[in-house]
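Novice: Protein sequence lines correspond, in order, to chains F and V.
By our numbering, the letter at position 121 of the first sequence is numbered 121, and the numbering carries on one by one without gaps.
By our numbering, the letter at position 528 of the second sequence is numbered 528, and the numbering carries on one by one without gaps.
Take the hints with a grain of salt, since some may be wrong.
[As the list claims (entries may be wrong)] Here are a few chain F residues that face chain V, going by a calculated C-beta distance under 7 Å:
| id | residue |
| --- | --- |
| 1 | Lys63 |
| 2 | Gln64 |
| 3 | Lys67 |
| 4 | Val69 |
I should point out that these hints are in silico values taken from the structure, not numbers from a laboratory.
None of the values given here were measured: they were computed from a predicted structure.
Ideal placement from N, C-alpha and C gives every residue a C-beta, glycine not left out.
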Amino acid sequence: MKTRIYSVLVENRSGVLCKVAGLFSRRCFNIDSLAVGETDDPAVSCMTIVSSGDERTIEQIEKQLNKKVDVIKVKTFAEQQCITRELMLIKIKYNKNNRREIMELCEIMKAQIVDMSKHFMMIQICDEPERIQLLIKMLQTISIVEVARTGTLALSKCGENDEH
Amino acid sequence: MTGADAIIKCLEAEGVTTVFGYPGVAICPFYNSILDSDIRTILIRTEQNAAHAASGVSRITGRPGVCAVTSGPGATNVITGIATAFADSIPLICITGQVNSELLGSDVFQEADITGAVESFVKYSYLVKNVNDIPRVFKEAFHIANTGRRGPVLIDVPIDIQNAAISKFKYPETVSMRTYKPTVKGNAVQIKKVVKELEKAKRPIICAGGGVLLSGAEDDLRRFAERHNIPVVSTMMGIGVMPTDHPLYFRMVGNNGKAYANRAINESDLLIMVGARVADRAVNQPDMITRNKVLVHIDVDPAEIGKNAGPTIPLVGDAKHIFEDLENEEFTCHCEEWLNTLNGYRRTMATKRNPNPAYVDPAAFIMRLTEKMQEDAVYVADVGQNQIWSCGYVKVRKGKFFTTGGMGTMGYSIPAAMGVKVAVPDRQVVAVCGDGSFQMSMMELATMCQHNIPVKIVVLKNNYLGMVRQYQHFTYQDHYSVVDLSGSPDLEKLSAAYGIPFLRLENMEKCDETIDAFLKEDTSMLLECIIDPMDLV
Numbered sequence: 001m002k003t004r005i006y007s008v009l010v011e012n013r014s015g016v017l018c019k020v021a022g023l024f025s026r027r028c029f030n031i032d033s034l035a036v037g038e039t040d041d042p043a044v045s046c047m048t049i050v051s052s053g054d055e056r057t058i059e060q061i062e063k064q065l066n067k068k069v070d071v072i073k074v075k076t077f078a079e080q081q082c083i084t085r086e087l088m089l090i091k092i093k094y095n096k097n098n099r100r101e102i103m104e105l106c107e108i109m110k111a112q113i114v115d116m117s118k119h120f121m122m123i124q125i126c127d128e129p130e131r132i133q134l135l136i137k138m139l140q141t142i143s144i145v146e147v148a149r150t151g152t153l154a155l156s157k158c159g160e161n162d163e164h
Numbered sequence: 001m002t003g004a005d006a007i008i009k010c011l012e013a014e015g016v017t018t019v020f021g022y023p024g025v026a027i028c029p030f031y032n033s034i035l036d037s038d039i040r041t042i043l044i045r046t047e048q049n050a051a052h053a054a055s056g057v058s059r060i061t062g063r064p065g066v067c068a069v070t071s072g073p074g075a076t077n078v079i080t081g082i083a084t085a086f087a088d089s090i091p092l093i094c095i096t097g098q099v100n101s102e103l104l105g106s107d108v109f110q111e112a113d114i115t116g117a118v119e120s121f122v123k124y125s126y127l128v129k130n131v132n133d134i135p136r137v138f139k140e141a142f143h144i145a146n147t148g149r150r151g152p153v154l155i156d157v158p159i160d161i162q163n164a165a166i167s168k169f170k171y172p173e174t175v176s177m178r179t180y181k182p183t184v185k186g187n188a189v190q191i192k193k194v195v196k197e198l199e200k201a202k203r204p205i206i207c208a209g210g211g212v213l214l215s216g217a218e219d220d221l222r223r224f225a226e227r228h229n230i231p232v233v234s235t236m237m238g239i240g241v242m243p244t245d246h247p248l249y250f251r252m253v254g255n256n257g258k259a260y261a262n263r264a265i266n267e268s269d270l271l272i273m274v275g276a277r278v279a280d281r282a283v284n285q286p287d288m289i290t291r292n293k294v295l296v297h298i299d300v301d302p303a304e305i306g307k308n309a310g311p312t313i314p315l316v317g318d319a320k321h322i323f324e325d326l327e328n329e330e331f332t333c334h335c336e337e338w339l340n341t342l343n344g345y346r347r348t349m350a351t352k353r354n355p356n357p358a359y360v361d362p363a364a365f366i367m368r369l370t371e372k373m374q375e376d377a378v379y380v381a382d383v384g385q386n387q388i389w390s391c392g393y394v395k396v397r398k399g400k401f402f403t404t405g406g407m408g409t410m411g412y413s414i415p416a417a418m419g420v421k422v423a424v425p426d427r428q429v430v431a432v433c434g435d436g437s438f439q440m441s442m443m444e445l446a447t448m449c450q451h452n453i454p455v456k457i458v459v460l461k462n463n464y465l466g467m468v469r470q471y472q473h474f475t476y477q478d479h480y481s482v483v484d485l486s487g488s489p490d491l492e493k494l495s496a497a498y499g500i501p502f503l504r505l506e507n508m509e510k511c512d513e514t515i516d517a518f519l520k521e522d523t524s525m526l527l528e529c530i531i532d533p534m535d536l537v
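Isolated chain V (complex conformation) (with noise of 0.2 Å):
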């Protein structure tokens, strides 16, 4: 048995049924391994993409996707997939091939010091030396992926390795690593506080970020809010943990959220963070959620806590523990006046668009579209404007909604949608993009024909980058620099030239027939709807 033999075999050991990548020499013996394995290979069209498609399918099944590249420029191009990863706390497991371990050092063909190059965007990263290592390097890897905090961890195995003979291969049971030992379990002292706060408070809620998904405690925290009537709002990550028509649920906070969710947050005196990093985009001023308010602040990374604004009460652990534990606590929370209050601010402070009738209205076309998908359909949304009106406007009920809120990577939502796709093939998984997104990944239409994966995607054209013009307009005042798209293809003839079916929306006449003929079949469609350019967010 060889080295790349071993990799195979720690893979099937963990359940991988699919490998994203691009194949390059020192990589070769690792794909001439996994043809004797029943994992389906995936080749992607470019690296970066090979990360996305694994954090789809990781997000969706809550294992960590795999992806495996060749080293130098494989390796390098897929660094923008990892930190994406990283910055959404996604686990994944990136396999790269390297040179042979005894030119380490000495620049040759394709050599890149991926380890270092990738450090600050891991959660680890391992170099193996020697074959025997294998079992326990991956063993350890998808330990550290899944656990804890979630996040990437590359693993960087030279060409001999691949290729040398491993003396007995045994897949450990277990882990042991004396350094890494995370905190899941929240502190009993601290969980009292929290409840001692709970029964005092007039005006609680709960703002609940991407770490409530990754621990899979979205139906804990909504069976919580529920049973003691707490509102809930959410971080751009966390759009999903509760069916986004609950009435206990106010949408998404931030400078790109809804007004009446920032009020509720601002008003409120009792605020518990769940799984989200308080970053700039979701509170714009993290001193002042800390001003006149208790803020609790749930977090599996006690990194996070404190961070950016000191909460009164720290509690460490992962989501479900802690919603679990919170279960079993009895007492009683008055929130009827607030969310009547809520309610008020829901129906006065909702955002009033004015849309021009000669484009199709992005948001209306969004509430329409995932009304219309099916109840557990997968939504990927990509970055820039249509984004924000994704998050803005969605419905989700018993589907999922991903998108990169962290990193904010053009071009995720195509390849990440593949990925959720092919993890679980009978679920309705739609993209949607941008023009200028939808450039950036659009060579994996080929993907999508050659692995026959019914991906439908949904492109917002304008011509423009649609959120650079608009902060453009705002900051400097219509004076647009290097946002332009013209030059694009004409989608009907791309999606012609792969085979892919072909629909253009150009106003909201024909909305719903054109929505129901994109969703009609499980199969790859581009639905094109032209908005107006100069549209805002």
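Looking at chain F on its own, in the form it has when it is part of the complex (with noise of 0.2 Å):
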């Protein structure tokens, strides 16, 4: 199993997202994670789509999201090859006792507080999905009330000659 980023420029049409979805579960291709949103031209989405398979599957989803008629450019990444950002807020329980902890937690992994009440608050991180999960995992030790994810973005390194 190897772990394949996909970025997808698509027209920026509705049901075009339904479709290349559908691909997927059609095919029986894993989706790890799926980000949508707009390119710095309207009529063009960029889906960044995580997945993961053998050599075959890994191919296949290459070519079967070309034969797609709404997709415009697909390119294909390792994870090495690429900067990868997530952007997650999550909302805790707090307490007085772990207050202080919280607030060191967030500063070691660069997360913010962005909202807070009495006994609740807000954090938000955006970095790579594995910092992600980390903090998810040390903040599993308080008490994590809801938590929303974007799905990963990526974009390949910059090159010398980069004409993407």
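Got two chains here, each in a separate frame; can you build the complex from them with the hints?
Specialist: What follows is the structure in structure tokens.
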């Protein structure tokens, strides 16, 4: 099993997300994460899909994506070939005794406290998926109320002659 | 000009001459406008068959066949026909009426999310929300359906869009889509590699699939094979790529194919698969065809290459372009010994049947029938035992052999044959089905009568769903479940009810004269052949 990141430029039209996601489920390809947003061109969306499989599956995913009429371009990366980021908002329940500890943890993890009330606080982190996972793990010992994550975003690392 | 008028103008611009369909309120503006056109309309008796009939048109003309049905149940009924065309890579344009665009999503009467429902069975689909998009959408749809790997395209048009006034109608001359540019020309480096392998090979073989027929490369392939003396086998969808009696043709491969064809593939040292998917029925163990041999896989769809078997040389492109390029290559093959071996296999490994003389032997019957059919006749086989016998014993000369090898949809032959006959009325068209598949499409006898479509129908009758019965015979030791077709109608009376002439053949005694009578005139006719219920393919 290998992990691959597919950066898929698609026509920004209704139904395209459904077509691409449907392709994965129909052909039994995994979706480990999926993030979608407009690019600098409002007519084009970028879908970042993290998937995994054997060599043949990885190749088929790219070929099948390319077959979709709404797909403009597919780029496939191994994780080390690109910069990845994910955004997470996480709401936790805190008390007087662990407040200090949480703030220290946020400092170590470069996370921010973006909202709080008497018993709850919301933390924001933007980092690599593994670091996000690590923060969740650390906070699990406290009391997680809810979590929202964006899914992985990725762009290939800057090269000398980057023409994407 | 309304949206509906514009749709008709688009179809005319694409050279469409016939639309198969079934009206309902949501497609009524379309069927109203079509009255002012020379396009022929044919009222099919169930929507699935509208797509099959369009498939027939498309396969004989090489241009997308068109069907038009209403929203809701009309649209959902057509899905099996669309899925069949998709599995067989047949270009179709399917127009569906839709409820008023302002009501979309509110579950009103006869609303179905058809573009959502067919997503995995179409090459592309459109839901038209602006009447002014109609010319572009139709231009693109025909282009997408009939280029690259062909397939069905669905266009869903809400009734208010059909009724809306279009500001300016101009049918685009070209298509500009940044996302869709199929590769048709083969890579020159890869072609050189193929030539190099051909020069080295001692036992080369070409396995031709339906893609060769779709790209119209039959003659190019045949010339190539003849020039270099390379033997050819085919998949089910590739039958007809060479005349079946051609000395270089070793018939169909696969679990229902000829043993000598499979042996030829297994013993080859260079296998050129062209326009074939390497799916389970043709190639039971895909890794076998990569062992001990060089596999060249030619296909217009890059995703087919390496999907089921990893080729040594992948070659993306349209079969016709590639054989044209290969024709310009100078090289020599030394296959005489290999051909002698294969001809030996053909003689010694032919299937030996032991027919019951009390019944019609379907194998002998199909051979006689196709010998007596016109040279350029079209034979449409249905699905089931009849299909396998057809594939095994049909003789194709300059004609065509059509069947659904990809989806295997019962009931395909009669509507598809109707589509063929409508498109090429001067040619003889024969549909061959079993009594199970016949009953899946027998409502179309009315369509044949109403629109005077003189298709000839053979029903191989054994009172069983024979293919499944055979499976239960081998797999469950004759523990038959739900395969008995008792209760089927008397076909003689049924034919009489439609005013269609009827013939019955009960054994092989009067085979020749019955076939002669069946084929004599260009009229519809139903020939019932009584076959042994226990016969096996």
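Novice: Decide, hint by hint, whether the structure agrees.
Specialist: Each hint, compared with the structure:
1. Given the 7 Å rule on beta carbons, the hint for Lys63 of chain F holds: about 4 Å separates it from the nearest Cβ of chain V.
2. Because the closest C-beta pair between Gln64 of chain F and chain V is about 5 Å apart, less than 7 Å, the hint holds.
3. The closest approach between the C-beta of Lys67 of chain F and any C-beta of chain V is roughly 5 Å, which is under the 7 Å cut-off, so the hint is satisfied.
4. For Val69 of chain F, the shortest C-beta to C-beta distance to chain V is roughly 5 Å, which falls under 7 Å, so the interface hint holds.
In this structure, every one of the numbered hints holds.
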